[in-house]
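Undergrad: From just these sequences and the hints, can you work out the full model?
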Amino acid sequence: MKKLVSFVMLLFFLAIGSVALAAQQNLQAIYIITANDFHGHLRADNDAPGAARWAGVIDQLRRENPEGAVVLGAGDMLTGTLDANESHGISSVKIMNAVGFTADAVGNHKFDVSRKEIGLNAKAANFPLLSANIIDEQTHKVAQPFKPYIIVEHGGIKLGIIGLTTIETVSKATQKNLIGLMVLPPEAVAQKYIDEVRNKGAKVVILLTHIGSAQDHNGDIIGEITGLLDKVHGVDLAITGHTHLTVAGSYKHIPVLQAGCYGQAVGEAKILYSKTDGKVQRVNVKYIKVKEMPVYIDKEVEKIANTVTKRIDAKYNEVLAVNKRRLNNDLLGQSATGEFFCDLMRKEMQTDIVFFNGGGVRAEVPKGNVTYRTIKDIFPFPNKMVKLAMTGKDIHEVLEHGISNTGLRMLRFSGLKVRADITKPEGQRIVLVTTLDGKPLGDEAVYSVGTNDFLALGGDGFVTFKKGKTIAELNNTVEMCAELLKRQKELDYTGPDGRLQY
Numbered sequence: 001m002k003k004l005v006s007f008v009m010l011l012f013f014l015a016i017g018s019v020a021l022a023a024q025q026n027l028q029a030i031y032i033i034t035a036n037d038f039h040g041h042l043r044a045d046n047d048a049p050g051a052a053r054w055a056g057v058i059d060q061l062r063r064e065n066p067e068g069a070v071v072l073g074a075g076d077m078l079t080g081t082l083d084a085n086e087s088h089g090i091s092s093v094k095i096m097n098a099v100g101f102t103a104d105a106v107g108n109h110k111f112d113v114s115r116k117e118i119g120l121n122a123k124a125a126n127f128p129l130l131s132a133n134i135i136d137e138q139t140h141k142v143a144q145p146f147k148p149y150i151i152v153e154h155g156g157i158k159l160g161i162i163g164l165t166t167i168e169t170v171s172k173a174t175q176k177n178l179i180g181l182m183v184l185p186p187e188a189v190a191q192k193y194i195d196e197v198r199n200k201g202a203k204v205v206i207l208l209t210h211i212g213s214a215q216d217h218n219g220d221i222i223g224e225i226t227g228l229l230d231k232v233h234g235v236d237l238a239i240t241g242h243t244h245l246t247v248a249g250s251y252k253h254i255p256v257l258q259a260g261c262y263g264q265a266v267g268e269a270k271i272l273y274s275k276t277d278g279k280v281q282r283v284n285v286k287y288i289k290v291k292e293m294p295v296y297i298d299k300e301v302e303k304i305a306n307t308v309t310k311r312i313d314a315k316y317n318e319v320l321a322v323n324k325r326r327l328n329n330d331l332l333g334q335s336a337t338g339e340f341f342c343d344l345m346r347k348e349m350q351t352d353i354v355f356f357n358g359g360g361v362r363a364e365v366p367k368g369n370v371t372y373r374t375i376k377d378i379f380p381f382p383n384k385m386v387k388l389a390m391t392g393k394d395i396h397e398v399l400e401h402g403i404s405n406t407g408l409r410m411l412r413f414s415g416l417k418v419r420a421d422i423t424k425p426e427g428q429r430i431v432l433v434t435t436l437d438g439k440p441l442g443d444e445a446v447y448s449v450g451t452n453d454f455l456a457l458g459g460d461g462f463v464t465f466k467k468g469k470t471i472a473e474l475n476n477t478v479e480m481c482a483e484l485l486k487r488q489k490e491l492d493y494t495g496p497d498g499r500l501q502y
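Numbering (UniProt numbering), first residue to last: 1 to 502.
Bear in mind the hints are in silico, worked out from the structure with no lab data behind them.
Wrong hints could be hidden among the right ones.
The list that follows gives simulated cross-link-like pairs (lysine-lysine, DSSO-like), each with its CA atoms no further than 27 angstroms apart [unchecked claim]: (1) Lys-176 / Lys-384; (2) Lys-291 / Lys-275; (3) Lys-467 / Lys-384; (4) Lys-469 / Lys-387; (5) Lys-315 / Lys-384; (6) Lys-466 / Lys-384; (7) Lys-469 / Lys-486; (8) Lys-347 / Lys-489; (9) Lys-347 / Lys-384; (10) Lys-303 / Lys-384; (11) Lys-192 / Lys-291; (12) Lys-200 / Lys-231; (13) Lys-315 / Lys-275; (14) Lys-489 / Lys-315; (15) Lys-141 / Lys-116; (16) Lys-231 / Lys-192; (17) Lys-275 / Lys-158; (18) Lys-231 / Lys-286; (19) Lys-299 / Lys-158; (20) Lys-231 / Lys-252; (21) Lys-387 / Lys-347; (22) Lys-439 / Lys-387; (23) Lys-486 / Lys-315; (24) Lys-270 / Lys-252; (25) Lys-424 / Lys-367; (26) Lys-252 / Lys-192; (27) Lys-393 / Lys-469; (28) Lys-439 / Lys-466; (29) Lys-291 / Lys-387; (30) Lys-200 / Lys-252; (31) Lys-310 / Lys-489; (32) Lys-384 / Lys-424.
Derived Cβ-Cβ restraints for the label pairs, each shown as a range [said to hold, decoys possible]: (33) Thr-434 / Lys-347: 54 to 60 angstroms; (34) Glu-483 / Gln-144: 36 to 42 angstroms; (35) Leu-432 / Lys-279: 56 to 62 angstroms; (36) Thr-307 / Asn-328: 30 to 36 angstroms; (37) Ile-422 / Lys-489: 36 to 42 angstroms; (38) Arg-63 / Arg-419: 51 to 57 angstroms; (39) Gly-219 / Leu-332: 58 to 64 angstroms; (40) Asp-47 / Gly-498: 21 to 27 angstroms.
This structure is a prediction, so every number in the text was calculated from the model and none was measured.
Glycine included, each C-beta is placed from N, C-alpha and C at the ideal position.
TA: Here it is in structure tokens:
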């Protein structure tokens with residue numbers, strides 16, 4: 001009993017000591033909540049908890065902190081589903097306004113819509129769109145309507161929040177919407193703005209980036225963000241996006257935080273700032289999976305989301321076909337959905353081969369009714385199909401770039417059988433490529449290839465497609481696939497069928 005009393009007294013005095021130390025250092029807690037790659041997932045489905053529940057968790061976390069929180073978006077929040085795309089992102093902006101976002105970084109998918117529509121998004125938003133490295137080619141200043149940074153006050157402490165965008169925007173964004181813009185390497189401008197916000201009184205500096213991060217099996221931070229953090233100093237927190245992964249760790253003593261995608265998680269950073277020392281003492285980062293939390297519903301967000309989804313359902317509820325079984329869509333692996341539609345396109349376009357970027361096939365085909373909305377969710381981007389003439393050698397290069405490239409979703413194709421060794425580096429992965437009748441591709445032989453205009457213009461780094469000779473420009477992807485499903489009426493695909501072996 002005496003030992004128990006002694007132990008309790010020890011804990012008591014330790015607690016008193018901790019409180020005294022905190023008081024002595026005059027510590028101020030700063031609470032940051034983060035989100036990224038929401039991609040307009042307003043409604044709940046297999047991939048997402050839905051905007052109302054996601055926002056409810058953010059609101060609950062904010063309420064649990066006496067001084068509230070700064071809520072920050074790390075880009076690609078607005079578009080990616082029919083619910084969001086129909087309004088060119090405005091529906092998602094309304095959701096973010098209701099949640100109370102302080103700022104949002106500019107992601108590569110900001111350019112899914114036109115520059116005019118980006119301006120309308122910025123005008124509708126109660127928060128700034130931040131990117132210090134997207135530059136107007138004429139003025140050589142940060143392109144409008146973006147801002148390089150903001151300085152906000154929280155708990156009496158000034159926070160400098162600097163926006164940065166992945167250099168991959170150059171290859172991943174819709175090219176026509178980048179005309180007149182330069183995307184500089186983030187490290188070319190970051191330190192300048194870190195110093196600038198410090199000189200303007202910021203005591204805490206946060207990099208709010210749409211730049212990818214990940215963690216290896218040891219928990220170490222890897223990915224594009226490390227190249228930036230290697231070249232800057234004076235940063236207290238790096239918030240990232242783009243890779244759709246949950247990340248909570250540190251790189252060279254800089255905390256790094258990323259909250260998955262589609263509202264599946266939120267990030268939480270607790271910064272302890274010493275007013276006595278004028279320094280950040282500690283930053284704790286973690287991510288919280290929304291579906292593992294109690295169900296909290298944000299009623300205002302629920303009302304906004306329901307209004308949008310009811311309108312979309314009424315407009316796009318036409319049943320095109322009935323599907324006998326669910327077709328999976330593993331973005332980094334095999335996709336029955338991708339195979340099925342590539343096969344349909346190849347037959348319709350009467351080409352030898354079809355390629356489609358894995359990131360352009362964004363959803364799966366559910367069992368049961370397949371509606372027009374289903375197709376718009378699978379193919380959310382406004383691509384058109386084109387027919388090219390390409391050599392076997394160039395087709396081989398396309399496969400080398402697209403199969404198990406860590407920076408891309410898995411390339412989808414039809415008309416080929418491919419065996420790959422994904423342990424090898426790009427340029428050495430493809431072991432064997434044959435046509436459907438088992439004949440190896442001839443390097444100099446010419447094949448007809450169907451693909452979308454995004455890839456044909458070199459999107460996602462598929463520059464080899466630009467060598468192809470354009471034979472024909474065809475219909476919008478969604479319209480083509482919707483018409484094909486109407487004709488088919490019933491789907492009975494049993495893939496993946498083994499066309500890709502690795």
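Undergrad: Does each hint hold? Answer for all of them.
TA: Going down the list of hints, with the structure as the test:
The hinted pair formed by Lys-176 and Lys-384 meets the criterion: a straight-line CA distance of about 14 angstroms does not exceed 27 angstroms. Of the pairs offered as hints, the one joining Lys-291 and Lys-275 is violated, with about 37 angstroms between alpha carbons and a cut-off of 27 angstroms exceeded. At roughly 18 angstroms between alpha-carbon atoms, Lys-467 and Lys-384 fall within 27 angstroms of each other, so this suggested pair holds. The straight-line distance between the Cα atoms of Lys-469 and Lys-387 is roughly 8 angstroms, inside the 27 angstroms bound, and the hint therefore holds.
Pair hint Lys-315 plus Lys-384 holds up; C-alpha atoms about 22 angstroms apart against a cutoff of 27 angstroms. This hinted pair checks out: Lys-466 and Lys-384 have alpha carbons roughly 16 angstroms apart, not beyond 27 angstroms. For the hint linking Lys-469 to Lys-486, the alpha-carbon distance of about 31 angstroms lies beyond 27 angstroms, and the restraint is violated. Annotation: proposed proximity of Lys-347 to Lys-489 holds, straight-line Cα distance about 16 angstroms (limit 27 angstroms).
With a C-alpha separation of about 16 angstroms, the suggested pairing of Lys-347 with Lys-384 holds against the 27 angstroms cut-off. Between Lys-303 and Lys-384 the CA atoms are separated by roughly 34 angstroms; this puts the pair beyond 27 angstroms, and the hint is violated. The suggested pairing of Lys-192 with Lys-291 is violated, with an alpha-carbon distance near 40 angstroms, which exceeds 27 angstroms. Proximity of Lys-200 to Lys-231 is assessed by CA-CA distance (about 22 angstroms); at most 27 angstroms being required, the pair is judged to hold.
For the given pair, Lys-315 sits about 56 angstroms from Lys-275 by alpha-carbon distance, which is inconsistent with the 27 angstroms threshold. This hinted pair checks out: Lys-489 and Lys-315 have alpha carbons roughly 20 angstroms apart, not beyond 27 angstroms. The suggested pairing of Lys-141 with Lys-116 holds, with an alpha-carbon distance near 18 angstroms, which does not exceed 27 angstroms. Simply put, Lys-231 and Lys-192 have alpha-carbon atoms about 12 angstroms apart, close enough for the 27 angstroms limit, and the pair holds.
Proximity of Lys-275 to Lys-158 is assessed by CA-CA distance (about 12 angstroms); at most 27 angstroms being required, the pair is judged to hold. The suggested pairing of Lys-231 with Lys-286 holds, with an alpha-carbon distance near 24 angstroms, which does not exceed 27 angstroms. Under the criterion of a C-alpha separation no larger than 27 angstroms, the hint pairing Lys-299 with Lys-158 is inconsistent with the structure, at around 32 angstroms. As the CA atoms of Lys-231 and Lys-252 are separated by approximately 11 angstroms, the hinted pair is consistent with the 27 angstroms bound.
For a cut-off of 27 angstroms, the pair hint linking Lys-387 to Lys-347 stands: about 12 angstroms separates their Cα positions. At roughly 22 angstroms between alpha-carbon atoms, Lys-439 and Lys-387 fall within 27 angstroms of each other, so this suggested pair holds. Note on Lys-486 and Lys-315: the hinted pairing holds, with a Cα-Cα distance of about 17 angstroms set against a maximum of 27 angstroms. For the hint linking Lys-270 to Lys-252, the alpha-carbon distance of about 18 angstroms falls within 27 angstroms, and the restraint holds.
Restraint check: the Cα-Cα separation between Lys-424 and Lys-367 comes to about 37 angstroms, which exceeds 27 angstroms; the hinted pair is violated. Straight-line distance between C-alpha atoms of Lys-252 and Lys-192 comes to about 20 angstroms, which keeps the hinted pair within the 27 angstroms bound. Distance restraint check for Lys-393 and Lys-469: the Cα-Cα separation of roughly 14 angstroms lies within the 27 angstroms cut-off, and the hinted pair is therefore satisfied. For the given pair, Lys-439 sits about 25 angstroms from Lys-466 by alpha-carbon distance, which is consistent with the 27 angstroms threshold.
Between the alpha carbons of Lys-291 and Lys-387 the distance comes to roughly 43 angstroms, so the proposed pair goes past 27 angstroms and is violated. Restraint check for Lys-200 and Lys-252: satisfied, since their Cα atoms lie roughly 25 angstroms apart, inside the 27 angstroms limit. Under the criterion of a C-alpha separation no larger than 27 angstroms, the hint pairing Lys-310 with Lys-489 is consistent with the structure, at around 25 angstroms. Distance hint between Lys-384 and Lys-424 is unfulfilled; the C-alpha atoms sit about 33 angstroms from each other, more than 27 angstroms.
Between Thr-434 and Lys-347 the CB atoms are about 19 angstroms apart, so this pair departs from the stated range of 54 to 60 angstroms. A hinted range of 36 to 42 angstroms holds for the C-beta pair Glu-483 and Gln-144, which are about 40 angstroms apart. About 59 angstroms separates the C-beta atoms of Leu-432 and Lys-279, a value consistent with the hinted range of 56 to 62 angstroms. As the Cβ distance of Thr-307 to Asn-328 is approximately 31 angstroms, the hint placing it in 30 to 36 angstroms holds.
Restraint check, Ile-422 to Lys-489: a C-beta distance of roughly 38 angstroms satisfies the suggested window 36 to 42 angstroms. About 55 angstroms separates the C-beta atoms of Arg-63 and Arg-419, a value consistent with the hinted range of 51 to 57 angstroms. Judged by the Cβ atoms, the range 58 to 64 angstroms given for Gly-219 and Leu-332 is violated: they are separated by roughly 20 angstroms. A beta carbon spacing of about 26 angstroms between Asp-47 and Gly-498 agrees with the range 21 to 27 angstroms that was offered as a hint.
The earlier numbered hints that this structure contradicts are 2, 7, 10, 11, 13, 19, 25, 29, 32, 33 and 39.
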